[in-house]
Amino acid sequence: MVNGYFPQSLKEALELRAMYDAVPYGGGTDLMINADPDANYLFLNKVPELKQIAEDSQYIRIGASCTFTELMDHPLTPAILKEAVSQIAAPAIRNFGTVGGNIGNGSAKADSALIFFVTDSVVHLMSSKGERLLPIKEFYVGRKQLALAPDELITELLIPKTALCSYYYKKVGARKAQAISRVCFAGLMDIADGKIIKCSTAFGAVSEVVLRLDDIDSMLAGKTIEEAKILKPAYLKAFEQAIVPITGRISAEYRKDVCMNLLKDFLDTSGI
Amino acid sequence: MNTITFTLNGKAETYDGPSGTRLLDVLRDNFKLLGVKCGCNEGECGACSVIIDGKLANSCMVAMGSVHGSTVVTIEGYAVTERYAVLDKAYADVSAVQCGYCIPGMVLASECVLARNPHPTEEEIRDGISGNLCRCTGYNAIVHAITSAAEEGKGLW
Numbered sequence: 639m640v641n642g643y644f645p646q647s648l649k650e651a652l653e654l655r656a657m658y659d660a661v662p663y664g665g666g667t668d669l670m671i672n673a674d675p676d677a678n679y680l681f682l683n684k685v686p687e688l689k690q691i692a693e694d695s696q697y698i699r700i701g702a703s704c705t706f707t708e709l710m711d712h713p714l715t716p717a718i719l720k721e722a723v724s725q726i727a728a729p730a731i732r733n734f735g736t737v738g739g740n741i742g743n744g745s746a747k748a749d750s751a752l753i754f755f756v757t758d759s760v761v762h763l764m765s766s767k768g769e770r771l772l773p774i775k776e777f778y779v780g781r782k783q784l785a786l787a788p789d790e791l792i793t794e795l796l797i798p799k800t801a802l803c804s805y806y807y808k809k810v811g812a813r814k815a816q817a818i819s820r821v822c823f824a825g826l827m828d829i830a831d832g833k834i835i836k837c838s839t840a841f842g843a844v845s846e847v848v849l850r851l852d853d854i855d856s857m858l859a860g861k862t863i864e865e866a867k868i869l870k871p872a873y874l875k876a877f878e879q880a881i882v883p884i885t886g887r888i889s890a891e892y893r894k895d896v897c898m899n900l901l902k903d904f905l906d907t908s909g910i
Numbered sequence: 006m007n008t009i010t011f012t013l014n015g016k017a018e019t020y021d022g023p024s025g026t027r028l029l030d031v032l033r034d035n036f037k038l039l040g041v042k043c044g045c046n047e048g049e050c051g052a053c054s055v056i057i058d059g060k061l062a063n064s065c066m067v068a069m070g071s072v073h074g075s076t077v078v079t080i081e082g083y084a085v086t087e088r089y090a091v092l093d094k095a096y097a098d099v100s101a102v103q104c105g106y107c108i109p110g111m112v113l114a115s116e117c118v119l120a121r122n123p124h125p126t127e128e129e130i131r132d133g134i135s136g137n138l139c140r141c142t143g144y145n146a147i148v149h150a151i152t153s154a155a156e157e158g159k160g161l162w
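Protein sequence lines, in the order shown, are assigned to chains G and W.
Each number in the working numbering corresponds to the 1-based position in the first sequence with 638 added.
Each number in the working numbering corresponds to the 1-based position in the second sequence with 5 added.
No lab work stands behind these hints, which were simulated from the structure alone.
Errors might be hidden in some of the hints.
Quick list of in silico lysine-lysine cross-link-like pairs, DSSO-like style, CA-CA up to 27 angstroms [said to hold, decoys possible]:
{"#": "1", "chain 1": "W", "residue 1": "Lys94", "chain 2": "W", "residue 2": "Lys60"}
{"#": "2", "chain 1": "G", "residue 1": "Lys870", "chain 2": "G", "residue 2": "Lys775"}
{"#": "3", "chain 1": "W", "residue 1": "Lys60", "chain 2": "G", "residue 2": "Lys720"}
{"#": "4", "chain 1": "G", "residue 1": "Lys720", "chain 2": "G", "residue 2": "Lys684"}
{"#": "5", "chain 1": "G", "residue 1": "Lys867", "chain 2": "G", "residue 2": "Lys894"}
{"#": "6", "chain 1": "W", "residue 1": "Lys60", "chain 2": "G", "residue 2": "Lys814"}
{"#": "7", "chain 1": "W", "residue 1": "Lys16", "chain 2": "G", "residue 2": "Lys684"}
{"#": "8", "chain 1": "G", "residue 1": "Lys861", "chain 2": "G", "residue 2": "Lys875"}
{"#": "9", "chain 1": "W", "residue 1": "Lys60", "chain 2": "G", "residue 2": "Lys747"}
{"#": "10", "chain 1": "G", "residue 1": "Lys720", "chain 2": "G", "residue 2": "Lys747"}
{"#": "11", "chain 1": "G", "residue 1": "Lys875", "chain 2": "G", "residue 2": "Lys808"}
{"#": "12", "chain 1": "G", "residue 1": "Lys808", "chain 2": "G", "residue 2": "Lys894"}
{"#": "13", "chain 1": "W", "residue 1": "Lys60", "chain 2": "G", "residue 2": "Lys689"}
{"#": "14", "chain 1": "G", "residue 1": "Lys836", "chain 2": "G", "residue 2": "Lys875"}
{"#": "15", "chain 1": "W", "residue 1": "Lys37", "chain 2": "W", "residue 2": "Lys16"}
{"#": "16", "chain 1": "W", "residue 1": "Lys37", "chain 2": "W", "residue 2": "Lys159"}
{"#": "17", "chain 1": "G", "residue 1": "Lys808", "chain 2": "G", "residue 2": "Lys782"}
{"#": "18", "chain 1": "G", "residue 1": "Lys684", "chain 2": "W", "residue 2": "Lys94"}
Keep in mind the model is a prediction, meaning the values are calculated, not measured.
Given these sequences and hints, build the entire structure.
Structural data, given as structure tokens:
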């Protein structure tokens with residue numbers, strides 16, 4: 639008898655999730671670092687419903703068990719997400735690491751999570767009793783803490799189709815490959831007829847959760863480029879005050895400097 | 006489930022130990038496939054690379070349960086192919102091998118580069134082997150070897 643659970647369908651996966659205390663297994667690339675041979679895993683890597691990438695009128699829908707390589711190869715994947723996941727680790731990790739695992743790990747350094755934050759994506763959670771949609775900002779409660787009930791699974795990430803056109807993404811790591819983000823930053827600037835429809839930014843690896851300070855970003859909404867240029871110092875100052883980085887392998891001061899440099903570069907390249 | 010079944014180097018195999026055991030350990034300890042090396046244990050060095058369902062994998066990061074129904078190829082299985090013979094000669098011609106510890110993984114990474122794109126650019130080659138660390142020869146010789154294998158092995162990939 640082999641331990642662990644091997645669902646063939648989403649329905650079966652949800653039933654097993656409700657019945658047993660098992661660890662959801664996406665691609666294993668985070669879980670196996672602290673491999674426990676006796677762990678009871680719920681293997682989700684071959685559940686067909688979780689491997690879909692689709693779209694509806696509102697969202698690009700990414701199944702939780704889609705790997706980063708599958709995202710890179712799929713025509714529906716937004717360019718900003720493709721760019722971010724193509725810089726994760728190296729091919730062998732991208733071939734197995736999944737978005738569900740990247741989110742489910744609860745780290746503020748998860749490079750795909752940053753993109754789901756900046757796009758104000760929605761997490762689709764299901765259990766055998768029902769389902770719910772939760773904005774990603776509400777899904778992350780704290781470091782390694784998620785608003786995930788013991789009987790729930792992350793089934794999809796829903797990326798709103800609005801404001802995906804003009805984006806900025808930079809990952810700062812110690813190397814080009816196999817690097818954990820020291821700081822990663824993403825920005826979206828949606829400008830139409832000379833007016834900013836929406837500006838959104840997100841900072842990863844800086845705080846306990848990805849920073850998405852939409853109250854500051856909203857300062858620029860509805861403004862013309864010229865008006866935004868006038869507001870720029872106040873906007874930057876607000877971020878300067880709001881970003882209080884963690885200290886880890888690198889200092890808080892370094893993280894802060896990189897955050898502000900990237901934010902300025904984002905505004906510059908957006909013509910503000 | 007009673008048994009994990011998978012194809013290993015072309016042969017149907019079974020495994021009935023804990024499903025959380027790493028594929029790396031099963032390949033080395035149960036199947037004695039010692040070409041699969043353990044370097045870092047955390048998916049950073051690529052010495053344990055194998056090919057699962059056509060995709061390069063770090064076998065230290067793969068639980069046995071996840072390979073149920075999959076096809077696994079190690080360097081021992083790959084070494085009997087024509088493609089291997091081309092890569093083997095190309096690596097030897099430019100002296101791309103020194104201590105050899107990374108080479109089983111590096112060769113499988115090379116195979117995956119060429120399988121994805123038979124005429125890769127240098128950048129694509131470097132990205133393809135970016136998860137496989139070599140501390141002896143440096144990467145230029147290896148990149149040359151893959152480039153020349155792409156030329157010599159016309160039609161194989």
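Each hint, compared with the structure:
The suggested pairing of W/Lys94 with W/Lys60 holds, with an alpha-carbon distance near 23 angstroms, which does not exceed 27 angstroms. Proximity of G/Lys870 to G/Lys775 is assessed by CA-CA distance (about 25 angstroms); at most 27 angstroms being required, the pair is judged to hold. Note on W/Lys60 and G/Lys720: the hinted pairing holds, with a Cα-Cα distance of about 19 angstroms set against a maximum of 27 angstroms. Distance restraint check for G/Lys720 and G/Lys684: the Cα-Cα separation of roughly 22 angstroms lies within the 27 angstroms cut-off, and the hinted pair is therefore satisfied.
Between the alpha carbons of G/Lys867 and G/Lys894 the distance comes to roughly 22 angstroms, so the proposed pair stays at or under 27 angstroms and holds. As the CA atoms of W/Lys60 and G/Lys814 are separated by approximately 21 angstroms, the hinted pair is consistent with the 27 angstroms bound. A hinted pair counts as satisfied when its Cα atoms are at most 27 angstroms apart, and W/Lys16 with G/Lys684 qualifies at roughly 21 angstroms. Only pairs whose Cα atoms come within 27 angstroms are accepted, and G/Lys861 paired with G/Lys875 is accepted, the gap being roughly 18 angstroms.
Only pairs whose Cα atoms come within 27 angstroms are accepted, and W/Lys60 paired with G/Lys747 is accepted, the gap being roughly 25 angstroms. Distance hint between G/Lys720 and G/Lys747 is fulfilled; the C-alpha atoms sit about 17 angstroms from each other, no more than 27 angstroms. At most 27 angstroms may separate the alpha-carbon atoms for a hinted pair to count; G/Lys875 and G/Lys808 meet this at roughly 21 angstroms. For the hint linking G/Lys808 to G/Lys894, the alpha-carbon distance of about 15 angstroms falls within 27 angstroms, and the restraint holds.
For the hint linking W/Lys60 to G/Lys689, the alpha-carbon distance of about 16 angstroms falls within 27 angstroms, and the restraint holds. A C-alpha spacing of about 19 angstroms is found between G/Lys836 and G/Lys875, which places the hinted pair at or below 27 angstroms, so the restraint holds. Pair hint W/Lys37 plus W/Lys16 holds up; C-alpha atoms about 15 angstroms apart against a cutoff of 27 angstroms. Between W/Lys37 and W/Lys159 the alpha-carbon distance is near 33 angstroms, which puts this suggested pair outside the 27 angstroms criterion.
Using a Cα cut-off of 27 angstroms, the hinted pair G/Lys808 and G/Lys782 holds, with the two alpha carbons roughly 24 angstroms apart. Between G/Lys684 and W/Lys94 the CA atoms are separated by roughly 37 angstroms; this puts the pair beyond 27 angstroms, and the hint is violated.
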